[in-house]
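Engineer: Whole structure, please, built from the sequences with the hints as guidance.
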Amino acid sequence: MNVVGYGGGTNSTAMLIGLWQRRIPVDLILFADPGGEQPHTYAYLEIMDRWLAEHGMPPITRVWYTTRDGQRLTLEQECLRSASLPSIAYGYKKCSLKHKVSPQEKFCRHDPHCQKVWAGGGRVVKFIGYDAGEPERRERVRERDEADRKYQKEYPLMEWGWDRDRCIQAIQEAGLPLPGKSSCFFCPSMKRREIRTLYHRYPELLGRALAMEDRARPHLTSIKGLGRNWAWREFLEHDKGQLAFPQVFPEDNLPCSCGGGHHMSPAILVKAAASILTNEKSRKAVGWVLTAVLSPIILLLAFFCTTFSGGAEHNRTVADLCFHGGAVPEGTPEEYQAYIQEMRDSFVLLDAAMQTVEGQMEDGDGLDDVRVKAVFFALYFGADDPAAHAGQAFVDCFVTYEERTRTVTTVDEEGNEVETQETYTVAVSISDFQQVWQNIRHLTGAEATPEQQANADSVYNVVKYGASTGTEGWIPGTDVPFIGADGFCSPIGAGWESRVTSEFGYRRDPFTGETRGHTGMDLAVPTGTPVRAALPGTVTAAQYHSSYGYYVMIDHGNGLSTLYAHNSQLLVRVGQTVEAGDIVSLSGSTGRSTGPHLHFEVRVSGQRTNPRYYLPTTSYEE
420 MNVVGYGGGT
430 NSTAMLIGLW
440 QRRIPVDLIL
450 FADPGGEQPH
460 TYAYLEIMDR
470 WLAEHGMPPI
480 TRVWYTTRDG
490 QRLTLEQECL
500 RSASLPSIAY
510 GYKKCSLKHK
520 VSPQEKFCRH
530 DPHCQKVWAG
540 GGRVVKFIGY
550 DAGEPERRER
560 VRERDEADRK
570 YQKEYPLMEW
580 GWDRDRCIQA
590 IQEAGLPLPG
600 KSSCFFCPSM
610 KRREIRTLYH
620 RYPELLGRAL
630 AMEDRARPHL
640 TSIKGLGRNW
650 AWREFLEHDK
660 GQLAFPQVFP
670 EDNLPCSCGG
680 GHHMSPAILV
690 KAAASILTNE
700 KSRKAVGWVL
710 TAVLSPIILL
720 LAFFCTTFSG
730 GAEHNRTVAD
740 LCFHGGAVPE
750 GTPEEYQAYI
760 QEMRDSFVLL
770 DAAMQTVEGQ
780 MEDGDGLDDV
790 RVKAVFFALY
800 FGADDPAAHA
810 GQAFVDCFVT
820 YEERTRTVTT
830 VDEEGNEVET
840 QETYTVAVSI
850 SDFQQVWQNI
860 RHLTGAEATP
870 EQQANADSVY
880 NVVKYGASTG
890 TEGWIPGTDV
900 PFIGADGFCS
910 PIGAGWESRV
920 TSEFGYRRDP
930 FTGETRGHTG
940 MDLAVPTGTP
950 VRAALPGTVT
960 AAQYHSSYGY
970 YVMIDHGNGL
980 STLYAHNSQL
990 LVRVGQTVEA
1000 GDIVSLSGST
1010 GRSTGPHLHF
1020 EVRVSGQRTN
1030 PRYYLPTTSY
1040 EE
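Residue numbers (my numbering): 420 to 1041.
There's no promise every hint is true.
[What the hints assert, rightly or not] With a straight-line cut-off of 25 Å between C-alpha atoms, the simulated DSS-like cross-links for lysine-lysine are:
1. LYS535 with LYS572
2. LYS569 with LYS525
3. LYS535 with LYS569
4. LYS517 with LYS643
Just so you know, these hints were derived from the structure itself, not from any lab.
Model, not experiment: these values are computed from the prediction.
Structural biologist: Here it is as C-alpha cells:
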C-alpha cells in the first residue's frame, strides 16, 4: 500500500511525476485541506486531477479535520471561535499537526487497504516530498521515522537527487504549469512581500486574515499579531505610505504599496513598464543610466503584481523566464517578449563561451554559470543588442589564466621514452568577486553601480536558491528577512546553508593551523551585506573587539543571546530594542578575519551552541 501526502506545491507535484515516470505504483493520494489555502492551490488540484487521470493514477482524495460529532472545522473557524491565532511551537505549525497530519492519519486508520496491511504485520509506505536540497529536514525526523511501526517513510526526491531546480524542470517537462506556494492566506510564516501580493490579488482573503488578527489581539500575551513579532495590520498601514518609483508611475496609480490603495491591472502595468523601456523620450527623461539600473526592477515589479506572480519563490518572474525558459504569458507586449528572448539568446552565447573556458580548467575547478548569467542579466537586460556583449571577453572577467608546467613522456626516433617539461595555460575561477567587477569595468569602460551589483546578487540568489539573500531584493524598500516557523530569523536571508564556510565546533584554526573550538558559524557574504537580528531583543554590545572586530550582541531574554561579528559598520547602539529581521550591521572583515564574512553565534545561558539548531531552512511545506 503506497500513499502520497500531496501538498499542492512544487515538491509534491514533482514527486508524483517522478513516481509515474518510474512506474512506482501509487494507491492513494491524500490532500489535507485546512480550509484556508489560497485560490491558486485549489485551482491547481483540478489541474493535477486531470493529469493524474490521463496517466492512470488515482485521483486526489481531500481530507480535513472534523470534530467528534463529524462536523468539519477549518483552521480559520477554530481561530475565530477561540479568539486566537495559528500557533507555532517548537517549529511545528498547528495547521501541520492538527489540520494536515491528523486528517490523513484518521483517513488511513479507517481505510480497509491500510487496515489489511497492518493486520498482516506490515507497514504502509508513505512518500514524502523532501527534495535533495533539504537533508537537514530528513535528519530531524530520521529517528522518529525509524521508530514508526505503522508507516515506512520514503523520500524519493532525495533518492533521485532531485533538488528544487530539478523539480521545477520535471513539472515543466510534463507540460504542467508551476504551482504556487501552498500556504493558508493567514499563515504566520508568510513573508511581507507575500502579504503585499495578497493585498493586490485577494483583498477579500486579506480582510478575513485581518479580522482573525483583530479578534485575537486583545487576548495575545507573548506575540503581537499574525507576524508573531509584528501585526499584519500595522505593517500594512505603515506600508501604505511607501511610494514605489514616483518618477515613473503616476502617484495616483502606483502598482504596489501605494498611498491611495489603487490597483493597476496586470495588462496596463506590464505595458507601462515596457513602454518606459522602449520609449526613447522616457529613457531620456529619467536618464539612461537610471533606466538601465531600473529596467529589470521595473519589469520584475510588474510581474510581481500580475496574476502570474503568486508569492512563491519560484514565481514566473522575468528572471525565471530568462533562466528557465517556458512560455511567456499571453498578453505580454511584443517589446517585452523581445527583451526576454534577447536575454535567452545571450545566455546561449554565454554557455558556449563558458564551455570553452571550462575546457581549460583543472583540479575540479569550474565556473558558476548562474553567477555569470546573473551579472550579465543585471547589466544588459533591456539594453540594445545585449548579445553583442555575450562573448568570450565577458566570461574571461570571471577567471584568471595561469601558465603551468607538466612532465610529459614522449618516444624519440630510436624508440626510447623521453620525459620533457611542457608549458600550458589553465583557467582559474576568481573567488574575489570585487575583482570580477573590476575586470568588467576594464572591459566595458564603465563602473557597475552599487544598484547593479546588488541586483546581480539578488538575481543570483533567487535563481540559485529561490529567495533573495545577501542584499535587498529587486524592489527598493522591500523587506526580505528569512524567518522560520519559530520566529528565528537568518541574519543573512534565505540560502544561508550555501554560504557556510566554517561550522560550529572543532576545526583547524586558519591562522595557527592548530585544532581548536570554533564558537560560532562563519557565513561568507560580500562586505556591506545587511545583517539582521535573529529575534526581538535588546542590544547589549555594539563595539570593536580585537578578535571579533566590530560586533553586535543582542539579548533576547530567557537566557538566549546572539552575536554578529567582523562587521564593516554597526547600525545599532547599546540599549536599543530591535525586532526579528531588523538590520543591525553591515558585514565585513574586521578583527581576526581572513576575508569578508559574518561570524554568527547563539548563546544559551552564556554557553555557545550550534546555530544550525536555530536557523530556519530553505524548505517549503508541501
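Engineer: Confirm or reject each hint.
Structural biologist: Okay, the hints, checked on the actual structure:
1. LYS535 with LYS572: holds, 18 Å
2. LYS569 with LYS525: The given pair, whose Cα atoms are some 13 Å apart, holds under the 25 Å limit.
3. LYS535 with LYS569: holds, 12 Å
4. LYS517 with LYS643: Distance of about 23 Å is within 25 Å: holds.
Violated hints for the displayed structure: none, as all numbered hints are satisfied.
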